[in-house]
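2 protein chains.
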Amino acid sequence: MLNISTDALAYTQHRFAHFVSELKAFIRFPSVSAQSQHNGDIRRCAEWLAGQLQKIGMERVAVFPTGGHPVVYAEHCHEAGKPTVLIYGHYDVQPAEPLIEWRSPPFEPVIRGDDLYGRGASDDKGQLFTHIKALEALLRSGRELPVNVKCLFEGEEEIGSPNLPAFMIANRQSLAADCVVISDSQIPDARQPAITYALRGSINFELELTGQKRELHSGVLGGAIHNPLQALCEMIAQMHDKAGRIAIPGFYNRVRRWDVKERAYMRRVGPSDEKILQDAGAAMGWGERDYSLYERTTIRPAITVTAMQGGYQGGGVKAAIPTHALAKLNFRLVPDQDPQEIDRLFRTYVAKITPPGLWARIRTFAPSRPVMIDRNHPAVMTAARAYRQGFGAAPVFLRNGGTIPVVGLIQEILHLPVVLIGFGLPGDAIHGANEKFHLPNFFHGIETSIRFLTTIGQRQDAGLVRPDNSQPIFITQ
Amino acid sequence: MLNISTDALAYTQHRFAHFVSELKAFIRFPSVSAQSQHNGDIRRCAEWLAGQLQKIGMERVAVFPTGGHPVVYAEHCHEAGKPTVLIYGHYDVQPAEPLIEWRSPPFEPVIRGDDLYGRGASDDKGQLFTHIKALEALLRSGRELPVNVKCLFEGEEEIGSPNLPAFMIANRQSLAADCVVISDSQIPDARQPAITYALRGSINFELELTGQKRELHSGVLGGAIHNPLQALCEMIAQMHDKAGRIAIPGFYNRVRRWDVKERAYMRRVGPSDEKILQDAGAAMGWGERDYSLYERTTIRPAITVTAMQGGYQGGGVKAAIPTHALAKLNFRLVPDQDPQEIDRLFRTYVAKITPPGLWARIRTFAPSRPVMIDRNHPAVMTAARAYRQGFGAAPVFLRNGGTIPVVGLIQEILHLPVVLIGFGLPGDAIHGANEKFHLPNFFHGIETSIRFLTTIGQRQDAGLVRPDNSQPIFITQ
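Chains as they are written, first to last, in the numbering used here: chain U, 1 to 477; chain Z, 1 to 477.
None of these hints come from the bench; they were simulated from the model. Just so it is clear, the structure is predicted and the values come from calculations on it, not from any experiment. Glycine included, C-beta positions come from ideal geometry on N, C-alpha and C. Accuracy of the hints is not assured; some may be wrong.
Claimed, not checked - So these bits of chain Z aren't anywhere near chain U, every CB distance computed over 10 Å:
hint : residue
1    : I56
2    : D189
3    : H226
4    : R268
5    : R289
6    : N376
7    : F397
Said to hold, decoys possible - Distance ranges between label pairs, derived from CB positions:
hint : chain 1 : residue 1 : chain 2 : residue 2 : range
8    : U       : P249      : Z       : R268      : 42 to 50 Å
9    : Z       : T210      : U       : R347      : 28 to 36 Å
10   : U       : R361      : Z       : T210      : 39 to 47 Å
11   : Z       : T210      : U       : N39       : 49 to 57 Å
12   : U       : T364      : Z       : T210      : 27 to 35 Å
13   : Z       : P249      : U       : R289      : 25 to 33 Å
14   : Z       : E108      : U       : N253      : 51 to 59 Å
15   : Z       : E101      : U       : H18       : 52 to 60 Å
16   : U       : R112      : Z       : S36       : 22 to 30 Å
17   : Z       : A243      : U       : R112      : 54 to 62 Å
18   : U       : P249      : Z       : A394      : 56 to 64 Å
19   : U       : P249      : Z       : S272      : 48 to 56 Å
20   : Z       : I362      : U       : N253      : 51 to 59 Å
Unchecked claim - Derived contacts from chain Z toward chain U, CB cut-off under 7 Å, selection only:
hint : residue
21   : R103
22   : N204
23   : R214
24   : G222
25   : I225
26   : M266
27   : V269
28   : A280
29   : W286
30   : A307
31   : G310
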């Protein structure tokens, strides 16, 4: 099987410049799932992606409609008796605003130095594309794949995958596989690959406070009528105590306390405070005492105020007490917190701290459970070996503070093992302005994917037989 | 002189429907001084207003450019030996946003019931126009005015009159008068006129907090990097203590403590808490204990958060820690607070409570001193008599929580007595959506103005000789 890899790698080397220009074409679609004005762009992006899969020789290529944005599916299953790998990725992207902070337009990808800049370059178009180009290299150089492959690419990851559960439940049989590979995460640096073994969960709230029915003159009535904007500030101030801990009663009840051994392991392999601050471009850290920054972002929960709006949004001064105020809050949860319970605790607390005379309304979005993955699973070990070949260094095992909702869904619905091998870098500015993808990682990622697919095709060990779909295998909450 | 009034009143009665349609034309100009996209509308409005003054027979009509929006001037000074009245008003208006809350478009005035709806209908186009129509009635029915009159109408009142001081200083001689009449305030109800004898001062701040240089993923870094939006909420929460008092150290040092007599007078003539809440359409009051709502809005200072903005302003969820957060604050000041000192105290306090790692920037706008007017001045007494004739009821003397920056400027620069006779109602929703002007007040206001101008032309008492411009006469801080 060695020659399969070798030929595929030669093909990759030869075609790499072309791969980059195809990735640019992928990034040019403003496939922003959160903004309905981009619904047409999302659909066109899905169709373009399906065309790519068709072109490289994948089969049963389809764009499936869902209640929201479509799912792109493809497979190549000719190797009876060999394992099946399901590759997951997402072709939707975060909003690009504020546009003024971009050095070049977000949907006009450009290369500066070794990096390709554009919204979605790293999250997740570039990382998803790495596997497509590995499949192309294998199919074009060998005519057959060394393993059975299914591809599942969704268009709603950035809005919490609202329609994926229904799709998975309806297609459980078609999606059956031995393991799932997802590249939607970061590695510490371009010479240090990493396998993610834990992700935080997430839940989002819109908290809206309403005061009197109409705007009131702040001269005539200022000081005598309560202001929903002031009150909302005071309520948000009550979400944390002075020590940076979340002040919602009961919030930490289910947060797992890790033993000395795990914390020592994290200290050994995880990024230092200095490294995290440097990658973030931040002058100093913040948050819960007694935890390193790596711990604060992985084994401790967090609340981020992601947006706030209230009062007159135009230029100059408008001297009025506003009628409404809105805050958007993004919670990150850790084992063994339960999003539904957090939803209840938050609503109870808000009801308690809302001042009389004002009305609070809460909307909940995209709840997602925290997940963990067994570092010793055979598929994970295979990924580690492929990484070593692709990047020339053994991977470290890291926790990630982000959320990939599909991982929890795969656990609950498909009961499949997941391998998280990322090709992004901490400085990729995912979700921010000037997002980029490091092109050497694109190349090494393709090699890693080729090595992984080739090696896993040869494994016959217990972890890779077709799983019993009735129970979870190794992804545990 | 009685016949002058009688003829002018007959003319008003006869022409009133036409006056209303002219007022509608005035309101149709979206003369929003805070929004630069309306600079052209402001200029056209000023020219239209000058045309009105010309048409009714005023002289030396001019539109004077300033560093910002123009000043409209006119005079009619044929009565040597008689007093001179300077009429001040403003033709600029507050922003109309949010437009969705208007029952009919803000710049397409319509009559519903006895009210004329539109932005600026009450503040201040309708009230200003009352005097123009009184002048028209007097000039058309009698060919001469019973008194010398100068008109000064500015286009920057709603942004704090930034260019009026320079204009007044440059034209001190031309603006010389015996008293100034301003109608830019409210009376308790359509049957109860009121003379304003105190106004709060004002100072506005934009407080901007900046965090790390770029937006950071709230999953990857939430809990480890401080958030300027959260910090801004916490800082705004520290502007008041739990009892509703402002927590800026030294803020109350110069706030005058009024004696039992003045507070008893205020209790007797001022609106009750119930009346204030009813007019505001609010369910309950808020603020400093031990003070009535009328006192809280007149003899006590206030801070209103008028706007806030930060993070992703589009639809849906964007999971990022924002880089900036902005709040707009409107302070109302009372005797003997000094805006410059408050500016210093606020800046010192913000510097103290800004968390490490975040940077605060403060911009100050439109400082204006609180003012008081002598209730016993002859011009004020004359206005009281005119009100009684125009509205059929003796006026009460009230404090107003709002700010009319020009009153302080007239005190400091022109050293002239000011009479504040309002024709607005508490339910006019000035600065809010669905602003309106009560048309019976328009009619009675014109009569009041005719009576005032006629009567004051007959007075020869001490208060009405040309003042010594070197010192203040009766407007004291």
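Hint check results:
1. Here I56/Z stays apart from chain U, with its beta-carbon at least about 31 Å from theirs, past the 10 Å limit.
2. With a least CB separation of 15 Å from chain U, D189/Z remains clear of the 10 Å interface cut-off, as annotated.
3. Listed as outside the interface, H226/Z is inconsistent with that label: its C-beta sits roughly 4 Å from the nearest C-beta of chain U, within the 10 Å cut-off.
4. Here R268/Z stays apart from chain U, with its beta-carbon at least about 19 Å from theirs, past the 10 Å limit.
5. Every CB of chain U lies more than 10 Å from the CB of R289/Z, the least distance being 12 Å, so the non-interface label holds.
6. For N376/Z, the condition that its CB be more than 10 Å from all CB atoms of chain U holds, with the nearest at approximately 25 Å.
7. With a least beta-carbon separation of about 17 Å from chain U, F397/Z lies farther than 10 Å from that chain, consistent with its non-interface assignment.
8. Remark: the range hint 42 to 50 Å for P249/U to R268/Z is upheld by a beta-carbon distance near 48 Å.
9. As the Cβ distance of T210/Z to R347/U is approximately 32 Å, the hint placing it in 28 to 36 Å holds.
10. Look at R361/U against T210/Z: about 30 Å separates their beta carbons, and that is not inside 39 to 47 Å.
11. The hint said 49 to 57 Å for the Cβ distance between T210/Z and N39/U, and at roughly 35 Å that hint is violated.
12. A hinted range of 27 to 35 Å holds for the C-beta pair T364/U and T210/Z, which are about 31 Å apart.
13. Between P249/Z and R289/U the beta carbons are some 28 Å apart, a value that agrees with the proposed interval 25 to 33 Å.
14. In this structure the supplied range 51 to 59 Å holds for E108/Z paired with N253/U, their Cβ-Cβ distance being about 57 Å.
15. Distance hint check: the CB atoms of E101/Z and H18/U are about 55 Å apart, consistent with the given range 52 to 60 Å.
16. Distance hint check: the CB atoms of R112/U and S36/Z are about 35 Å apart, inconsistent with the given range 22 to 30 Å.
17. Under the hint 54 to 62 Å, the C-beta atoms of A243/Z and R112/U, about 56 Å apart, fit the expected range.
18. For the pair P249/U and A394/Z, the supplied restraint of 56 to 64 Å holds, since their beta-carbon distance comes to about 58 Å.
19. Separation of P249/U from S272/Z is about 40 Å and departs from the stated range, judged on CB atoms against 48 to 56 Å.
20. Here the CB-CB span from I362/Z to N253/U is close to 41 Å, at odds with the stated 51 to 59 Å.
21. At its closest, the beta carbon of R103/Z sits 11 Å from a beta carbon of chain U; the interface hint therefore is violated under the 7 Å criterion.
22. Of the supplied interface hints, the one on N204/Z holds, with its beta-carbon coming within about 5 Å of a beta-carbon of chain U, less than 7 Å.
23. With its C-beta approaching chain U no nearer than about 5 Å, R214/Z sits inside the 7 Å limit, and its interface hint holds.
24. Because the smallest distance between the Cβ of G222/Z and any Cβ of chain U comes to about 4 Å, under 7 Å, the interface hint for this residue holds.
25. Annotation: I225/Z was flagged as interfacial toward chain U, and the flag holds, the nearest CB pair being 5 Å apart, inside 7 Å.
26. Interface restraint check for M266/Z: the shortest CB-CB distance to chain U comes to about 14 Å, outside 7 Å, so the restraint is violated.
27. Interface restraint check for V269/Z: the shortest CB-CB distance to chain U comes to about 17 Å, outside 7 Å, so the restraint is violated.
28. Because the beta carbon of A280/Z sits about 5 Å from the nearest beta carbon in chain U, less than 7 Å, this interface hint is met.
29. Because the smallest distance between the Cβ of W286/Z and any Cβ of chain U comes to about 4 Å, under 7 Å, the interface hint for this residue holds.
30. Because the closest C-beta pair between A307/Z and chain U is about 3 Å apart, less than 7 Å, the hint holds.
31. For G310/Z, the interface hint holds, the least distance from its beta-carbon to any beta-carbon of chain U being 5 Å, beneath 7 Å.
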